[in-house]
Structure formats: C-alpha cells, structure tokens
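K.L.:
The whole structure should be built from the sequences, with the hints applied where relevant.
As they're listed, the protein sequences go chains A and B.
Letter by letter, the first sequence follows residues 3 to 250 in our numbering.
Letter by letter, the second sequence follows residues 366 to 744 in our numbering.
Hints were generated in silico from the structure; no laboratory data involved.
All values reported here derive from a predicted model rather than from experimental measurement.
Wrong hints could be hidden among the right ones.
No more than 25 Å apart at the CA atoms, straight line, and that leaves these computed lysine to any residue pairs for SDA-like [what the hints assert, rightly or not]:
1) A:K164 to A:A151
2) B:K390 to A:E46
3) A:K188 to B:T371
4) A:K179 to A:N139
5) B:K390 to A:P39
6) B:K409 to B:P708
7) B:K408 to A:R185
8) B:K626 to A:T17
9) B:K390 to A:I36
10) A:K194 to B:I635
11) A:K179 to A:S95
12) A:K88 to B:T371
13) B:K409 to B:D498
14) A:K188 to B:E483
15) A:K196 to B:E423
16) A:K179 to B:E575
17) A:K34 to B:Q473
18) A:K146 to A:T169
19) A:K26 to A:S216
20) B:K615 to A:I36
21) A:K18 to B:P634
22) A:K34 to A:E67
23) B:K408 to A:P190
24) A:K188 to B:R369
25) A:K194 to B:R378
26) B:K548 to B:E575
27) A:K227 to B:I635
28) B:K739 to B:D498
29) B:K409 to A:R185
30) B:K474 to B:A587
31) A:K18 to B:N637
32) A:K179 to B:E388
33) A:K194 to B:D498
34) A:K110 to A:K206
35) B:K409 to A:D191
36) A:K146 to A:G162
Residues from chain B that keep clear of chain A, each with C-beta distances beyond 12 Å, as calculated [said to hold, decoys possible]:
37) E401
38) L415
39) I514
40) G540
For every residue, glycine included, the Cβ atom is placed at its ideal position computed from N, Cα and C.
Each chain, letter by letter, is given below.
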Amino acid sequence: MNVLICISRVPDTATKIVVGSDGKTIDNQGVKFIINPYDEYAIEEGLRIKEKFGGSVTAVTVGSEQSSDILRTALAMGVEKATIIKAPEIFDSYFVAYNLAEYAKSIKPDIILLGRQSVDFDSFQIPSLLAGLIDYNLVTVVSKLTIDANKIICERDVEGGKEIVETNLPCIISAQKGLNEPRYPKLPDIMKAKSKPIEILEAKPTDLKMEVISMEIPMKQRIGKILSDSDEDINELVRLLHEEAKVI
Amino acid sequence: MDFRFTEEQIMLREMVRDFAQNELKPLARQIDEQEEIPDEIIKKIAELGLLGAAFPPEYGGSGFGELGYCIIQEEIGRVCSSTATFIGAHQSIGTNALFIGGSEELKQKYMPALTSGEKIAAFALTEQGAGSDAFNLKTKAELVGDEWIINGEKMWITNAPIADIFSVFARTNRGISAFIVEKNFPGVSTGAPEKKLGIRGSKTSTVTFENVRVPKENLIGAEGKGFLIAMKTLDAGRLGLGAACLGACKELLEMSVAYAKTRKQFNEPIANFQAVQFMIAEMATQIYTTESLVYRTAYKYDKKEMLSRDSAIVKLVSSEALDRCVDLAMQIHGGMGYSRELPIERYYRDSRINRIFEGTSEIQKLVIAHDILKRNGKM
Numbered sequence: 003m004n005v006l007i008c009i010s011r012v013p014d015t016a017t018k019i020v021v022g023s024d025g026k027t028i029d030n031q032g033v034k035f036i037i038n039p040y041d042e043y044a045i046e047e048g049l050r051i052k053e054k055f056g057g058s059v060t061a062v063t064v065g066s067e068q069s070s071d072i073l074r075t076a077l078a079m080g081v082e083k084a085t086i087i088k089a090p091e092i093f094d095s096y097f098v099a100y101n102l103a104e105y106a107k108s109i110k111p112d113i114i115l116l117g118r119q120s121v122d123f124d125s126f127q128i129p130s131l132l133a134g135l136i137d138y139n140l141v142t143v144v145s146k147l148t149i150d151a152n153k154i155i156c157e158r159d160v161e162g163g164k165e166i167v168e169t170n171l172p173c174i175i176s177a178q179k180g181l182n183e184p185r186y187p188k189l190p191d192i193m194k195a196k197s198k199p200i201e202i203l204e205a206k207p208t209d210l211k212m213e214v215i216s217m218e219i220p221m222k223q224r225i226g227k228i229l230s231d232s233d234e235d236i237n238e239l240v241r242l243l244h245e246e247a248k249v250i
Numbered sequence: 366m367d368f369r370f371t372e373e374q375i376m377l378r379e380m381v382r383d384f385a386q387n388e389l390k391p392l393a394r395q396i397d398e399q400e401e402i403p404d405e406i407i408k409k410i411a412e413l414g415l416l417g418a419a420f421p422p423e424y425g426g427s428g429f430g431e432l433g434y435c436i437i438q439e440e441i442g443r444v445c446s447s448t449a450t451f452i453g454a455h456q457s458i459g460t461n462a463l464f465i466g467g468s469e470e471l472k473q474k475y476m477p478a479l480t481s482g483e484k485i486a487a488f489a490l491t492e493q494g495a496g497s498d499a500f501n502l503k504t505k506a507e508l509v510g511d512e513w514i515i516n517g518e519k520m521w522i523t524n525a526p527i528a529d530i531f532s533v534f535a536r537t538n539r540g541i542s543a544f545i546v547e548k549n550f551p552g553v554s555t556g557a558p559e560k561k562l563g564i565r566g567s568k569t570s571t572v573t574f575e576n577v578r579v580p581k582e583n584l585i586g587a588e589g590k591g592f593l594i595a596m597k598t599l600d601a602g603r604l605g606l607g608a609a610c611l612g613a614c615k616e617l618l619e620m621s622v623a624y625a626k627t628r629k630q631f632n633e634p635i636a637n638f639q640a641v642q643f644m645i646a647e648m649a650t651q652i653y654t655t656e657s658l659v660y661r662t663a664y665k666y667d668k669k670e671m672l673s674r675d676s677a678i679v680k681l682v683s684s685e686a687l688d689r690c691v692d693l694a695m696q697i698h699g700g701m702g703y704s705r706e707l708p709i710e711r712y713y714r715d716s717r718i719n720r721i722f723e724g725t726s727e728i729q730k731l732v733i734a735h736d737i738l739k740r741n742g743k744m
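P.N.:
Now the structure itself:
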C-alpha cells in the first residue's frame with residue numbers, strides 16, 4: 003500500500019500573529035512554524051498503514067523551501083520520502099490542490115491522507131479540490147479508519163453522533179482529531195532524518211481563483227464604562243449615548 | 366563562534382518538550398506524592414531513546430552527545446526533578462562510568478541493555494565515611510582466582526532500589542578501582558528507600574555487598590584507575606545536573622510571570638509593582654547566566670575541551686540559581702505558592718538537593734579553587 007501524506011506548515015497555535023506591512027500577509031518575523039496539527043494525525047495513520055500492510059509513505063508539502071523543517075519532523079516520525087513543491091509568495095488553495103494533484107498523478111498512491119483543514123487559513127478546500135482533480139474517492143473528517151482488503155471503512159464525526167461510511171481504493175481521507183495518537187519521533191530516527199533527502203520541485207503555475215484583499219487582526223473589545231445612579235452620571239450617560247455611541 | 370543549535374538539536378528539544386509537557390507534567394504531582402515514577406513512563410522514556418541519548422550508536426545510543434543530553438535534561442527538569450534525577454543517575458553517572466573507563470568488551474557486554482533502558486544503572490561511590498573524599502572508601506575488592514570479592518556498604522545511591530547494574534567503586538591493592546556489579550549477583554542487597562524532603566519519586570537507598578563474587582573482566586578500566594574514572598564521571602554528571610536546574614528555573618519564571626499578571630492587589634496586577642519586577646528581572650538574569658554556562662560547557666565537553674573546573678562552576682551556579690529562582694517564585698506566588706494546590710512548593714522541596722548531591726556547593730568551590738591555584742590564577 004503506497005501512502006501519500008500532504009502536509010502544511012502553519013504558525014504555532016500559540017504564536018502571536020502580526021499582519022505584514024502590505025496588509026495582506028502574515029509577518030513571518032519571529033513566528034514559529036509547526037506541522038499543521040490535523041496533518042500529524044494523517045502522518046501517524048499513514049505510518050500505521052505501512053506498518054500493517056507494507057509499502058511506502060511519502061510526504062509532500064506546497065510552500066517555501068523553509069518547509070524542510072516540518073518535512074524533517076515527518077521523516078523522523080518514519081516517513082521515507084519527502085518533497086517540497088516550491089510555491090511563489092502569493093498563491094491560493096486551488097494552486098496547492100492543483101500541484102498536489104500533479105504530484106499524486108506522478109506517484110499514483112493507493113491512499114492519500116491529509117488533515118481535515120489547515121489551522122492557518124482554515125479554507126477547508128484542499129481535500130475536496132484534490133479529489134475532484136484526480137478523481138479519487140473522498141471521505142472527510144475521519145476519526146476512525148479500518149482497511150479490510152480493498153474495503154475502506156471510515157467513522158466520521160457528525161453532529162451528535164457517528165456516521166460509518168465505506169469506500170474503496172484509491173481514496174483520499176481527511177483526518178479528524180481522535181483518529182490516532184501521533185507518535186513522538188525517537189532519538190535515533192531524529193538522527194537518521196538528517197540523512198534522508200528532501201526533494202525540491204518547481205510548482206506549475208495556476209491563475210489565482212481567489213485573492214486576499216486585506217487581512218486584519220480582530221479589534222480588541224472596547225472597555226465598558228460603569229456609571230453610578232447619581233443625577234450627574236445619568237446626565238453623563240445621556241451625553242455618552244448621544245455623542246460617543248451616537249445611538250440617540 | 367556560532368551559538369545556534371543544529372536542526373537535530375532543535376528537533377530533539379521539540380520532541381522532548383512535547384513529551385515532557387504532555388506525558389510527564391500531568392504525572393509530576395503523583396510521582397511526588399506516591400514517591401515513585403511509574404514503570405510505564407520509564408518505559409516510554411526508554412522507547413524514545415532518552416536513556417542512551419548521549420552515547421554513540423555503536424553502544425546503542427543515538428549520538429546526541431553531552432549537549433543533546435543537556436537539552437533533554439533541561440526539558441525534563443522543567444516538569445519533574447524526580448525524573449531528571451532518575452535519568453541523570455542512570456545515564457550521566459551510572460552508565461557513563463562504564464562508557465568513560467570500560468574496555469571495549471565490557472562496554473559491548475553491558476551498554477546496549479543500559480542505553481535502551483532494558484536495564485537501569487546506578488553509580489555507587491558514596492559511603493558513610495566517604496563521599497567527595499573518595500580516597501577514604503572502605504568498600505574492599507579482593508582478587509581471588511578469576512573473581513573479585515567485594516565487601517562493603519554504599520549510602521545515598523540514587524536509583525539503587527530499581528537498578529539492575531551498579532558502577533561500584535572499591536579499594537583494591539592498587540588504590541580505588543571501579544567494577545560493574547549486577548544486582549542479581551549473590552550478596553548484593555539494597556536497603557529501604559530514604560524518606561526525603563524532595564525529589565521523592567527518585568529512589569535512593571543503601572547498597573550492601575557481602576562476599577559478592579564479580580567476574581575478573583568486570584573491572585572497569587585498569588586496577589587503581591577508579592578514582593580518576595569517578596571524577597571524570599562526576600564532571601559529566603554535574604553538567605547535566607546544571608541543565609536540569611536550568612529547566613526548572615525557566616518553568617518557575619513562566620509560572621511566576623503568568624501569576625504576577627493575573628494576581629491583583631491594590632486594584633492592579635502585582636506584575637506592575639517594581640518589587641515584583643525586580644524579582645522577575647533577577648530570575649531572568651539567573652536563567653540567562655545558567656543557560657549560557659550550561660551550553661557553552663556542554664559544547665566544550667563534546668569537543669573534549671572541558672575542565673573539571675568548568676562543570677564545577679556550572680553545578681555551583683545552576684544549583685544556587687535554582688534555589689534563588691524557586692525562592693523568588695514562592696515569594697511572587699505568596700500563599701498560593703506555599704499551598705500544595707500549585708506545584709511551586711514541590712519545586713521548592715525538589716530544588717534544595719542540587720546544592721548537595723554530586724558534591725556540595727562548597728566542594729565545587731574547592732574543585733574550582735584548587736584548579737585555579739594550580740594554574741596560578743590563569744583562567
């Protein structure tokens with residue numbers, strides 16, 4: 003069973019985000035990047051599939067060359083081969099999906115695993131776009147996966163319960179929290195990861211189907227004012243409602 | 366000069382931090398209260414390769430060297446001093462005595478089981494009348510035919526109740542010699558675990574050797590080289606101990622800042638008061654100093670350039686820094702710090718031992734002064 007895992011490099015969820023000077027991108031200065039947490043479940047599941055059925059596990063990411071750090075971690079966890087598809091500075095979800103699709107066509111995996119969403123932009127588009135582009139079956143938000151010969155049985159979290167669906171290979175599975183407990187890379191594997199090669203490919207350009215116009219940090223909630231019930235404060239309240247809040 | 370960690374060292378730290386924060390931190394209170402590190406977590410630590418990290422792959426280690434080992438101890442020391450003590454006694458002194466002084470055959474025989482954590486090691490030097498004064502050991506080893514016969518009693522041996530393998534220092538005809546002694550050799554017994562102020566999860570007891578017959582080839586290095594092996598081993602041990610202290614200091618500062626920003630007095634967070642800011646500044650200064658010392662010295666160790674004096678300085682500074690930081694953390698937390706509801710009181714109890722074991726602060730000063738006097742004051 004050959005497994006392809008698509009991973010994404012996202013800012014650490016604890017990082018303080020600052021919008022760049024162009025007002026359209028995140029300022030990467032001092033930001034710590036990690037593997038998208040949902041993709042970690044995908045990696046773990048891919049490794050378990052390989053351990054059970056044999057085959058190989060490849061990880062791919064679309065992004066800058068700096069993505070080698072997350073791929074090294076994937077390699078240390080047990081992935082055998084890693085590829086960066088080099089993206090320009092500005093790209094959209096379709097670009098990512100299109101290039102993942104081109105890569106998938108070249109290696110023809112039996113199963114593609116990826117996180118249900120990337121926690122940076124939360125577009126939720128990649129699994130569906132990818133399935134459309136390469137015509138694989140798709141099951142999203144999977145919290146339990148059982149493979150029985152060619153039969154793929156997936157448990158999906160749905161509002162207030164579970165849904166069990168069945169599909170067959172080749173297919174794409176998007177991972178939900180709870181799918182498994184991702185492993186910690188072992189020390190000897192961290193050392194070995196250094197010597198595993200990371201392939202860097204040029205991306206195929208696509209026209210932007212969506213463009214970020216602007217990006218802003220949510221405004222801090224204004225601090226409320228508390229006034230007393232004295233006559234003076236009642237006058238002040240009327241003045242504030244009229245002049246500051248402009249509601250009367 | 367380049368002070369940056371390598372990519373592998375960063376990955377190592379991230380892995381150990383995730384593990385320590387997710388798996389060990391939630392157990393730290395239980396480890397303290399039940400005075401025991403659960404076997405299950407020891408097994409996990411072993412499986413990750415943390416018990417042999419410093420040693421080369423040919424002995425089952427992963428080749429991260431002393432610097433990698435310090436990174437591990439820093440992250441473990443952040444959350445659980447008992448566990449850092451267990452790892453230190455096993456790896457940095459128990460196993461390291463064999464690595465530093467043992468023959469190739471002896472290393473091949475014992476190290477793989479120790480680096481994988483299948484077997485646990487302890488370092489048995491201290492006795493009732495001899496600790497830092499190692500020349501005064503009373504434990505004796507006598508060569509009879511093809512075997513050494515060891516008799517004597519060791520005290521304050523960290524890991525003794527759970528260890529399978531001991532590095533034992535004993536008097537022979539040619540001075541102090543070191544031996545590998547298996548727990549299951551007839552005549553080896555350990556006492557009841559000591560009841561301690563802190564690091565309660567780490568088990569410490571006496572070890573008694575009564576006519577213990579040890580194969581001749583279990584002598585570590587040459588006869589009479591034991592004192593040198595012990596001192597070289599402690600050089601490494603003291604450095605790793607500093608790394609564990611550093612981790613605890615960092616955790617205490619983070620907890621203290623978080624508390625100072627939320628705890629309000631006189632209608633404002635106590636972090637706004639200079640009295641508290643000065644404490645935070647002092648903690649940060651201690652941490653920066655200790656961190657600089659630990660990693661500079663670990664780098665020198667791996668380049669085989671470290672002097673005994675260097676790790677004595679690390680141990681002196683870091684153990685005193687931790688005691689200062691934990692005292693300030695307690696002061697910032699006030700009554701909450703004194704309460705068992707928060708872990709500050711555990712850190713307070715756990716930290717004190719660092720100024721005592723592996724040579725007291727005063728012994729470190731002697732090591733430093735003797736070296737400096739010998740070199741006529743030249744650093």
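K.L.:
Compare the structure with each hint and give your call.
P.N.:
Each hint, compared with the structure:
1. A:K164 to A:A151: holds (23 Å)
2. B:K390 to A:E46: Given pair K390 (chain B), E46 (chain A) holds - Cα atoms ~23 Å apart, limit 25 Å.
3. A:K188 to B:T371: holds (17 Å)
4. A:K179 to A:N139: holds (21 Å)
5. B:K390 to A:P39: With a Cα-Cα distance of about 21 Å, the restraint between K390 (chain B) and P39 (chain A) holds, given a limit of 25 Å.
6. B:K409 to B:P708: The hint holds at about 23 Å.
7. B:K408 to A:R185: holds (15 Å)
8. B:K626 to A:T17: holds (19 Å)
9. B:K390 to A:I36: holds (22 Å)
10. A:K194 to B:I635: Judged against 25 Å, a Cα distance of about 48 Å means the pair is violated.
11. A:K179 to A:S95: Judged against 25 Å, a Cα distance of about 22 Å means the pair holds.
12. A:K88 to B:T371: holds (24 Å)
13. B:K409 to B:D498: Violated: K409 (chain B) and D498 (chain B) sit about 37 Å apart, past 25 Å.
14. A:K188 to B:E483: holds (16 Å)
15. A:K196 to B:E423: Holds, at roughly 18 Å.
16. A:K179 to B:E575: Since the Cα atoms of K179 (chain A) and E575 (chain B) sit roughly 57 Å apart, the hinted pair is violated (cutoff 25 Å).
17. A:K34 to B:Q473: violated (42 Å)
18. A:K146 to A:T169: Holds, at roughly 13 Å.
19. A:K26 to A:S216: Roughly 5 Å separates the two Cα atoms, so the pair holds.
20. B:K615 to A:I36: Cα-Cα ~22 Å, so holds.
21. A:K18 to B:P634: Roughly 22 Å between the alpha carbons, so the hint for K18 (chain A) and P634 (chain B) holds.
22. A:K34 to A:E67: holds (15 Å)
23. B:K408 to A:P190: holds (16 Å)
24. A:K188 to B:R369: holds (22 Å)
25. A:K194 to B:R378: holds (16 Å)
26. B:K548 to B:E575: Holds: K548 (chain B) and E575 (chain B) sit about 12 Å apart, inside 25 Å.
27. A:K227 to B:I635: holds (23 Å)
28. B:K739 to B:D498: holds (19 Å)
29. B:K409 to A:R185: holds (11 Å)
30. B:K474 to B:A587: holds (17 Å)
31. A:K18 to B:N637: Judged against 25 Å, a Cα distance of about 22 Å means the pair holds.
32. A:K179 to B:E388: Within the cut-off at roughly 18 Å; holds.
33. A:K194 to B:D498: violated (43 Å)
34. A:K110 to A:K206: holds (18 Å)
35. B:K409 to A:D191: The given pair, whose Cα atoms are some 15 Å apart, holds under the 25 Å limit.
36. A:K146 to A:G162: Distance ~16 Å between K146 (chain A) and G162 (chain A) Cα, so the pair holds.
37. E401: holds (23 Å)
38. L415: Given a closest Cβ separation of 7 Å, the condition is violated.
39. I514: holds (39 Å)
40. G540: At roughly 37 Å from the nearest Cβ of chain A, G540 (chain B) sits farther out than 12 Å, so the non-interface label holds.
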